[in-house]
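**Student:** Sequence:
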Amino acid sequence: MKYIARWGLMKSAISENLSEHSLDTAFIAHALALYRNIRFGGNVDPERCAVLAMYHDVQEIITGDLPTPVKYFNPGIKAQYDAVEDIATEKLLSVLPADMREHYSGIFTHREEDRELWVLVKAADKLSALIKCIGERQMGNKDYLDAERNTMESLEKMELPEVGEFLREFIPAYNAGKTLDELIGQQ
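Numbering-wise, this note's numbering puts 120 at position 106 of the sequence shown, and it's gapless, one number per residue.
I should point out that these hints are in silico values taken from the structure, not numbers from a laboratory.
Certain hints may be false.
Claimed, not checked - When the alpha-carbon atoms are kept at most 30 Å apart in a straight line, the in silico DSS-like pairs for lysine-lysine are as follows:
no., residue 1, residue 2
1, LYS25, LYS136
2, LYS85, LYS105
3, LYS105, LYS92
4, LYS105, LYS171
5, LYS171, LYS140
6, LYS140, LYS105
7, LYS192, LYS85
8, LYS171, LYS136
9, LYS16, LYS140
10, LYS85, LYS140
11, LYS156, LYS105
12, LYS192, LYS171
13, LYS171, LYS25
14, LYS136, LYS92
15, LYS25, LYS85
Said to hold, decoys possible - Have a look at the derived ranges for each label pair, beta carbon to beta carbon:
no., residue 1, residue 2, range
16, ALA93, ILE198, 25 to 31 Å
17, VAL109, ASN155, 34 to 40 Å
18, GLY55, GLU170, 32 to 38 Å
19, MET24, LEU107, 27 to 33 Å
20, ASN155, LYS16, 20 to 26 Å
21, ILE75, MET24, 19 to 25 Å
22, SER33, TYR188, 18 to 24 Å
23, GLY154, ASN31, 21 to 27 Å
Every residue gets a Cβ at the ideal spot worked out from N, C-alpha and C, and that includes glycine.
Input sequences plus hints: build the corresponding full structure.
**Tutor:** Shown next as C-alpha coordinates:
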(Lines of atoms letter the chains of each structure in order from A and count residues from 1; the text may use other names and numbers.)
(Lines give C-alpha, C1' and ligand atoms only; values in the text may rest on other atoms or scores of the structure.)
Protein backbone atom coordinates (compact mmCIF):
# COMPACT_ATOMS: atom_id res chain seq x y z
CA MET A 1 0.00 0.00 0.00
CA LYS A 2 2.91 2.33 0.60
CA TYR A 3 3.77 2.20 -3.11
CA ILE A 4 0.35 3.36 -4.31
CA ALA A 5 0.35 7.14 -4.72
CA ARG A 6 -2.89 9.05 -4.26
CA TRP A 7 -4.19 12.14 -6.03
CA GLY A 8 -2.64 11.11 -9.35
CA LEU A 9 -4.28 13.92 -11.33
CA MET A 10 -3.22 16.64 -8.90
CA LYS A 11 0.04 18.44 -8.22
CA SER A 12 0.74 17.84 -4.54
CA ALA A 13 2.94 19.85 -2.21
CA ILE A 14 3.13 16.77 0.01
CA SER A 15 2.74 13.32 -1.53
CA GLU A 16 0.38 10.85 0.07
CA ASN A 17 0.38 7.09 -0.32
CA LEU A 18 -2.38 4.59 0.29
CA SER A 19 -0.94 3.42 3.62
CA GLU A 20 -0.93 6.95 5.01
CA HIS A 21 -4.45 7.61 3.77
CA SER A 22 -5.78 4.31 5.12
CA LEU A 23 -4.37 4.90 8.59
CA ASP A 24 -5.75 8.46 8.65
CA THR A 25 -9.13 7.10 7.57
CA ALA A 26 -8.99 4.47 10.33
CA PHE A 27 -8.29 7.11 13.00
CA ILE A 28 -11.20 9.19 11.76
CA ALA A 29 -13.57 6.22 11.40
CA HIS A 30 -12.82 5.22 14.98
CA ALA A 31 -13.68 8.75 16.16
CA LEU A 32 -16.91 8.77 14.12
CA ALA A 33 -17.96 5.45 15.66
CA LEU A 34 -17.25 6.82 19.13
CA TYR A 35 -19.34 9.90 18.33
CA ARG A 36 -22.18 7.64 17.22
CA ASN A 37 -22.07 5.65 20.47
CA ILE A 38 -21.36 8.42 22.96
CA ARG A 39 -23.35 11.33 21.55
CA PHE A 40 -26.00 9.78 19.34
CA GLY A 41 -27.07 6.64 21.19
CA GLY A 42 -25.49 4.20 18.75
CA ASN A 43 -24.13 0.76 19.40
CA VAL A 44 -21.37 0.17 16.88
CA ASP A 45 -17.92 -1.37 17.32
CA PRO A 46 -15.34 1.45 16.96
CA GLU A 47 -12.45 -1.01 16.68
CA ARG A 48 -14.13 -2.95 13.85
CA CYS A 49 -14.89 0.36 12.15
CA ALA A 50 -11.20 1.27 12.35
CA VAL A 51 -10.12 -2.09 10.92
CA LEU A 52 -12.58 -1.81 8.03
CA ALA A 53 -11.16 1.64 7.32
CA MET A 54 -7.58 0.34 7.42
CA TYR A 55 -8.44 -2.01 4.56
CA HIS A 56 -11.11 0.06 2.75
CA ASP A 57 -8.91 0.67 -0.30
CA VAL A 58 -6.87 -2.55 -0.21
CA GLN A 59 -7.97 -3.46 -3.75
CA GLU A 60 -5.87 -0.53 -4.97
CA ILE A 61 -2.79 -2.67 -4.33
CA ILE A 62 -3.79 -4.31 -7.61
CA THR A 63 -5.87 -1.65 -9.35
CA GLY A 64 -3.96 1.46 -8.37
CA ASP A 65 -5.78 4.62 -7.31
CA LEU A 66 -8.35 5.52 -9.92
CA PRO A 67 -9.00 9.26 -9.55
CA THR A 68 -12.48 10.13 -8.28
CA PRO A 69 -13.45 12.21 -11.33
CA VAL A 70 -12.71 9.21 -13.56
CA LYS A 71 -14.31 6.60 -11.29
CA TYR A 72 -17.58 8.55 -11.02
CA PHE A 73 -17.63 10.04 -14.54
CA ASN A 74 -20.66 7.91 -15.43
CA PRO A 75 -22.50 4.88 -14.05
CA GLY A 76 -20.97 2.55 -16.65
CA ILE A 77 -17.40 3.34 -15.64
CA LYS A 78 -18.33 3.03 -11.95
CA ALA A 79 -19.95 -0.38 -12.52
CA GLN A 80 -16.96 -1.65 -14.48
CA TYR A 81 -14.53 -0.38 -11.87
CA ASP A 82 -16.58 -2.08 -9.14
CA ALA A 83 -16.24 -5.33 -11.10
CA VAL A 84 -12.47 -4.82 -11.36
CA GLU A 85 -12.31 -4.20 -7.60
CA ASP A 86 -14.23 -7.44 -7.00
CA ILE A 87 -11.66 -9.33 -9.08
CA ALA A 88 -8.84 -7.61 -7.18
CA THR A 89 -10.44 -8.62 -3.88
CA GLU A 90 -10.62 -12.26 -4.96
CA LYS A 91 -7.01 -12.15 -6.13
CA LEU A 92 -5.83 -10.69 -2.82
CA LEU A 93 -7.80 -13.28 -0.86
CA SER A 94 -6.40 -16.10 -3.02
CA VAL A 95 -2.81 -15.36 -1.97
CA LEU A 96 -3.61 -15.52 1.74
CA PRO A 97 -3.24 -18.76 3.71
CA ALA A 98 -6.45 -20.76 3.31
CA ASP A 99 -7.33 -20.66 6.99
CA MET A 100 -7.18 -16.85 7.03
CA ARG A 101 -9.17 -16.07 3.88
CA GLU A 102 -12.58 -16.13 5.51
CA HIS A 103 -11.48 -13.65 8.17
CA TYR A 104 -10.04 -11.22 5.64
CA SER A 105 -12.99 -11.69 3.30
CA GLY A 106 -15.17 -10.16 6.00
CA ILE A 107 -12.87 -7.13 6.08
CA PHE A 108 -12.23 -6.69 2.35
CA THR A 109 -15.90 -6.91 1.34
CA HIS A 110 -19.00 -5.01 2.35
CA ARG A 111 -21.22 -7.33 4.38
CA GLU A 112 -24.74 -6.40 5.39
CA GLU A 113 -23.98 -6.73 9.10
CA ASP A 114 -21.32 -4.00 8.71
CA ARG A 115 -23.52 -1.66 6.67
CA GLU A 116 -23.68 0.96 9.44
CA LEU A 117 -19.90 0.85 9.85
CA TRP A 118 -19.25 1.20 6.13
CA VAL A 119 -21.28 4.43 6.13
CA LEU A 120 -18.91 5.77 8.77
CA VAL A 121 -15.86 4.51 6.85
CA LYS A 122 -17.10 6.32 3.72
CA ALA A 123 -17.50 9.50 5.74
CA ALA A 124 -14.03 9.04 7.27
CA ASP A 125 -12.59 8.55 3.77
CA LYS A 126 -14.09 11.87 2.69
CA LEU A 127 -12.91 13.61 5.87
CA SER A 128 -9.40 12.33 5.20
CA ALA A 129 -9.62 13.80 1.70
CA LEU A 130 -10.85 17.10 3.13
CA ILE A 131 -7.90 17.24 5.52
CA LYS A 132 -5.52 16.58 2.61
CA CYS A 133 -7.14 19.40 0.63
CA ILE A 134 -6.87 21.79 3.58
CA GLY A 135 -3.20 20.96 3.99
CA GLU A 136 -2.49 21.51 0.31
CA ARG A 137 -4.36 24.85 0.35
CA GLN A 138 -2.29 25.95 3.32
CA MET A 139 0.86 25.11 1.39
CA GLY A 140 -0.33 27.54 -1.29
CA ASN A 141 -1.47 24.79 -3.67
CA LYS A 142 -4.58 26.08 -5.44
CA ASP A 143 -4.98 22.80 -7.36
CA TYR A 144 -6.97 21.42 -4.41
CA LEU A 145 -9.52 24.23 -4.04
CA ASP A 146 -12.19 22.57 -6.18
CA ALA A 147 -11.55 19.20 -4.55
CA GLU A 148 -11.91 20.79 -1.11
CA ARG A 149 -15.21 22.43 -2.03
CA ASN A 150 -16.57 19.27 -3.67
CA THR A 151 -15.51 17.11 -0.75
CA MET A 152 -17.20 19.44 1.73
CA GLU A 153 -20.39 19.34 -0.36
CA SER A 154 -20.26 15.53 -0.38
CA LEU A 155 -19.83 15.46 3.39
CA GLU A 156 -22.79 17.81 3.89
CA LYS A 157 -24.98 15.63 1.65
CA MET A 158 -24.25 12.63 3.88
CA GLU A 159 -26.23 14.33 6.66
CA LEU A 160 -24.43 12.40 9.39
CA PRO A 161 -24.38 14.06 12.81
CA GLU A 162 -21.02 12.41 13.52
CA VAL A 163 -19.54 14.22 10.53
CA GLY A 164 -20.94 17.50 11.80
CA GLU A 165 -19.30 16.92 15.17
CA PHE A 166 -15.95 16.06 13.57
CA LEU A 167 -16.12 19.15 11.34
CA ARG A 168 -16.97 21.34 14.31
CA GLU A 169 -14.45 19.92 16.78
CA PHE A 170 -11.45 18.82 14.71
CA ILE A 171 -11.36 20.63 11.39
CA PRO A 172 -10.73 24.08 12.94
CA ALA A 173 -7.35 22.80 14.14
CA TYR A 174 -6.46 21.83 10.57
CA ASN A 175 -7.72 25.14 9.20
CA ALA A 176 -5.74 27.08 11.79
CA GLY A 177 -2.48 25.79 10.35
CA LYS A 178 -0.95 25.60 13.80
CA THR A 179 1.97 23.42 14.80
CA LEU A 180 1.48 20.61 17.32
CA ASP A 181 3.22 22.72 19.97
CA GLU A 182 0.80 25.58 19.33
CA LEU A 183 -2.19 23.23 19.48
CA ILE A 184 -1.22 21.77 22.84
CA GLY A 185 -0.31 25.15 24.29
CA GLN A 186 3.48 25.05 24.22
CA GLN A 187 4.92 27.86 22.17
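**Student:** Would you mind marking each hint as holding or not holding in the structure?
**Tutor:** Hint by hint, here is what the structure shows:
no., hint, verdict
1, LYS25 with LYS136, "holds (24 Å)"
2, LYS85 with LYS105, "holds (21 Å)"
3, LYS105 with LYS92, "holds (20 Å)"
4, LYS105 with LYS171, "violated (34 Å)"
5, LYS171 with LYS140, "holds (12 Å)"
6, LYS140 with LYS105, "holds (27 Å)"
7, LYS192 with LYS85, "violated (34 Å)"
8, LYS171 with LYS136, "holds (12 Å)"
9, LYS16 with LYS140, "holds (20 Å)"
10, LYS85 with LYS140, "holds (15 Å)"
11, LYS156 with LYS105, "violated (38 Å)"
12, LYS192 with LYS171, "holds (29 Å)"
13, LYS171 with LYS25, "holds (27 Å)"
14, LYS136 with LYS92, "holds (16 Å)"
15, LYS25 with LYS85, "holds (19 Å)"
16, ALA93 with ILE198: 25 to 31 Å, "violated (47 Å)"
17, VAL109 with ASN155: 34 to 40 Å, "holds (37 Å)"
18, GLY55 with GLU170: 32 to 38 Å, "violated (22 Å)"
19, MET24 with LEU107: 27 to 33 Å, "holds (31 Å)"
20, ASN155 with LYS16: 20 to 26 Å, "holds (22 Å)"
21, ILE75 with MET24: 19 to 25 Å, "holds (21 Å)"
22, SER33 with TYR188: 18 to 24 Å, "holds (20 Å)"
23, GLY154 with ASN31: 21 to 27 Å, "holds (22 Å)"
Hints 4, 7, 11, 16, 18 from the list above are not met by this structure, while the remaining hints are.
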